[in-house]
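*Asks:* Got chain G; can you put chain A on it based on the hints?
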Amino acid sequence: MSTEHVTAKASHDTHAGLSAKGLKAGSVGLIGAVVIGVSCIAPAYTLTAALGPTVAEVGVQLPAIFLVGFIPMLLVAFGYRELNNAMPDAGTSFTWASRAFGPWIGWMGGWGLIAATIIVLSNLAAVAVDFFYLMLAQLFGNPELADLTLNLPLNIATTLVFIALACWISYRGMETTKGVQYVLVAFQLFVLGWFAVAAFSHVANGTAFDATAITPEWFNPFAVESFSAFAAGVSLSIFIYWGWDVTLTMNEETRNPEKTPGRAATLTVLVIVIIYMTVALATLAYAGVGQEGLGAGNPENQGSIFAVLAGPVMGPFAILMSLSILSSSAASLQSTFVSPARTLLAMGHYKALPTQFGRISPTFKSPSYATIAAAVAAAGFYVITRTTSENALWDTITALGMMICFYYGITALACVWFFRSEAFSGTRAFFFKFLAPLLGGVILLVMFVKTAYDSMDPAYGSGSSVGGIGLVFVLGMGVILLGVVLMLVMAKVRPEFFKGKVLPTGY
Amino acid sequence: MRYVVGYSANARGHDAVNLAVSLARGRGASLDLVLVVPEVQQFGAAHAPKAGFENLLNEQARQWLDEALALVPADVPAQAHIRTGDSDAQALIEAAEELGADILVIGATSTGLFKRFTIGSVASALLHASTVPVALAPHGYYRQEALTRISCGLGTRSGAEKLLDFAIGMAANRAVPLRVVSLLALDGGDPAAAGAAREYAEKTVAAAAPVSPSGVQLAARTDVVVAQGRSIEEAVDGLNWEDGEVLVIGSSRLAQGRSIFLGSTANRILRALPVPMLVVPSGYELKHQNHPTSNDTSGEAPQ
Chain G
1 MSTEHVTAKA SHDTHAGLSA KGLKAGSVGL IGAVVIGVSC IAPAYTLTAA LGPTVAEVGV
61 QLPAIFLVGF IPMLLVAFGY RELNNAMPDA GTSFTWASRA FGPWIGWMGG WGLIAATIIV
121 LSNLAAVAVD FFYLMLAQLF GNPELADLTL NLPLNIATTL VFIALACWIS YRGMETTKGV
181 QYVLVAFQLF VLGWFAVAAF SHVANGTAFD ATAITPEWFN PFAVESFSAF AAGVSLSIFI
241 YWGWDVTLTM NEETRNPEKT PGRAATLTVL VIVIIYMTVA LATLAYAGVG QEGLGAGNPE
301 NQGSIFAVLA GPVMGPFAIL MSLSILSSSA ASLQSTFVSP ARTLLAMGHY KALPTQFGRI
361 SPTFKSPSYA TIAAAVAAAG FYVITRTTSE NALWDTITAL GMMICFYYGI TALACVWFFR
421 SEAFSGTRAF FFKFLAPLLG GVILLVMFVK TAYDSMDPAY GSGSSVGGIG LVFVLGMGVI
481 LLGVVLMLVM AKVRPEFFKG KVLPTGY
Chain A
1 MRYVVGYSAN ARGHDAVNLA VSLARGRGAS LDLVLVVPEV QQFGAAHAPK AGFENLLNEQ
61 ARQWLDEALA LVPADVPAQA HIRTGDSDAQ ALIEAAEELG ADILVIGATS TGLFKRFTIG
121 SVASALLHAS TVPVALAPHG YYRQEALTRI SCGLGTRSGA EKLLDFAIGM AANRAVPLRV
181 VSLLALDGGD PAAAGAAREY AEKTVAAAAP VSPSGVQLAA RTDVVVAQGR SIEEAVDGLN
241 WEDGEVLVIG SSRLAQGRSI FLGSTANRIL RALPVPMLVV PSGYELKHQN HPTSNDTSGE
301 APQ
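Chains as they are written, first to last, in the working numbering: chain G, 1 to 507; chain A, 1 to 303.
Next comes chain G alone, as it looks inside the complex (with noise of 0.2 Å):
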């Protein structure tokens, strides 16, 4: 064979051998997809997070304004499927609101979504460090080990390596997998059914702390004493229900594309719904909404009302509390950090932001350079807050319901204006492209004008407040005036994307 040392002709095939995707359609089921949805919603986190800041508002009502929370995101969550079957990216509402309103709505837009995420993964950490610390102190038997995380050197240290995992773990290009995620959501309903359980047990029996009669007041939201009140309220429970809306979004995943995304959507909502019911009233049942003791209006219990409440209620067996909310909340995490990075990635992309947000890493093929840059903004944001606040976790939890009424409402927003032209083609483009964003929309933005501006009282949240002004304000509109400062220089420096030449508007 020593003849066969022919000079071949060279063939640079270069698109031609590009194979197709590959992708795997109809790999997700009807469970499948609820379960995603669950997981996304974080159940456990979500209710240890934003329970006691919701009473510190509306107090009984608390059931009332969980339910009605849900009519905005329902609404917003409409529009977003249609943006979303319409152009399908990465950079979700910050290409649709581009391709919407132009170049710098579309960016503050993406900058909302940006801050929403990472203002929620400091969170996130800071719950996991707080479980974390009282899961060793309950497996040890020592309460003192659940003190830890009140030192604040100690506290700030642990949460930035919990971030600094997690961004690792996302650097590296790993994802929670199907089967965690079933065992996630499983274990995380089995403990939010437990915890009800235990609480209505120890109302039944007279040992509860402060047991207080359920009544129908408790589902009346106009009971609620004011407004600002309900806004807040508002504002709160669509942080509860954020992330339902992928159940939504899901197409080509799903076996049956027609049916498939709507009943998961359905079946998702009611799960979290009964979910949040049951705990909420249990929790209210057996610990009141007094401000002293295990109160749920107790200051000391807004933070992550769980910590407080699990030992009483669950005896021994509130270990199983903290393993559940350390999972999820470390889960979550996890599959948050994919968020930011991929919007950074996708504004990097589009020139919206400098170039190495658009890179992605050879070997793990993440996105790189969005990716550290997420865990550095998250370590910063939740230093600040740590340091500033006197109770970080609430007045965190009450900027992020601000910031994603922010980017939802514009979202929203951007789904009215974008399918204008097709809004009273027929009665399903009337009511999803047009009526149920629109009301959604105009639902959320008012709610955060009304939250920033009562925000601004130095009373507001945890009560913290730097120059005479509260620190809740200080911090969701500082993380928006940031945003307006950064897309200035970026429109000085990079001003391409800003003429509107990388995403035109319309189609």
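Chain G regions said to be covered by chain A (calculated; three or more residues, Cβ under 8 Å):
{"hint": "1", "stretch": "88–94"}
{"hint": "2", "stretch": "342–350"}
Which chain G residues face chain A? A few, computed with CB under 7 Å, are given here:
{"hint": "3", "residue": "VAL28"}
{"hint": "4", "residue": "ILE36"}
{"hint": "5", "residue": "GLY173"}
{"hint": "6", "residue": "GLU175"}
{"hint": "7", "residue": "LYS178"}
{"hint": "8", "residue": "GLN181"}
{"hint": "9", "residue": "GLU253"}
{"hint": "10", "residue": "ILE360"}
{"hint": "11", "residue": "PRO362"}
{"hint": "12", "residue": "THR363"}
{"hint": "13", "residue": "LYS365"}
Since the hints were made in silico from the structure, they are not lab data. Glycine included, every Cβ here is placed at the ideal spot set by N, Cα and C.
*Replies:* Okay, now just chain A, sitting in the frame of chain G:
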């Protein structure tokens, strides 16, 4: 002849392309550069739909592959492929099987400081599961010229003759000398066994050479050496290596079926070796030996 190259847009990927070019040049083979992008999971990301990220990934992958194709000289035909899969190793094996590849070429190193070969996770996974021979490019492999010599590491293990046949085929097809490196002294760890090792290797070469006509001339150009040393690393350092040489080595008897399983000896050789290594799964050459007289020119085994 098709060689599949597991490409990534880093130093490791460049090493692999260079080695694949040297392998292809002596043989007139064509290259298939395969870049594996991870499957974007729906289960792993909250608030981040997978839609769109896949597009960005694929766009980037295409750009990387264009750069990779530019590394391949004009006389070597090459194609680019994007594959999606959760495991790089699995996707590469599937691509190699689907494209009917004769060799799978990868850059083996992670960033080892002192060793040429510190096996990366993908390489390690491939060595455990590949059904085609795997060529491992050492760190910083820059040569693109055709090979100048084939070395074949020979032990006593069953299948040694088959491995030798494979190496003879490679050398004959490329018209380059063959060197048989007896690892017998290392297998037993007894330096006194060196004489016996040489004898065994010479006998095996003599027995295997007549399999092909060109093998007869090759036998005259075949050199037999015995690797000696207190450790495998020392033995490998003690041999002289040409720049354009590759070491062909068999997988250990632990291998399941036709898969490669790198034995502990092979693994240690790999770490000390300054040249590329080609690991052949046990029983691999059988498929070519079924048609010893056919004119099928595919495959590295002697025709």
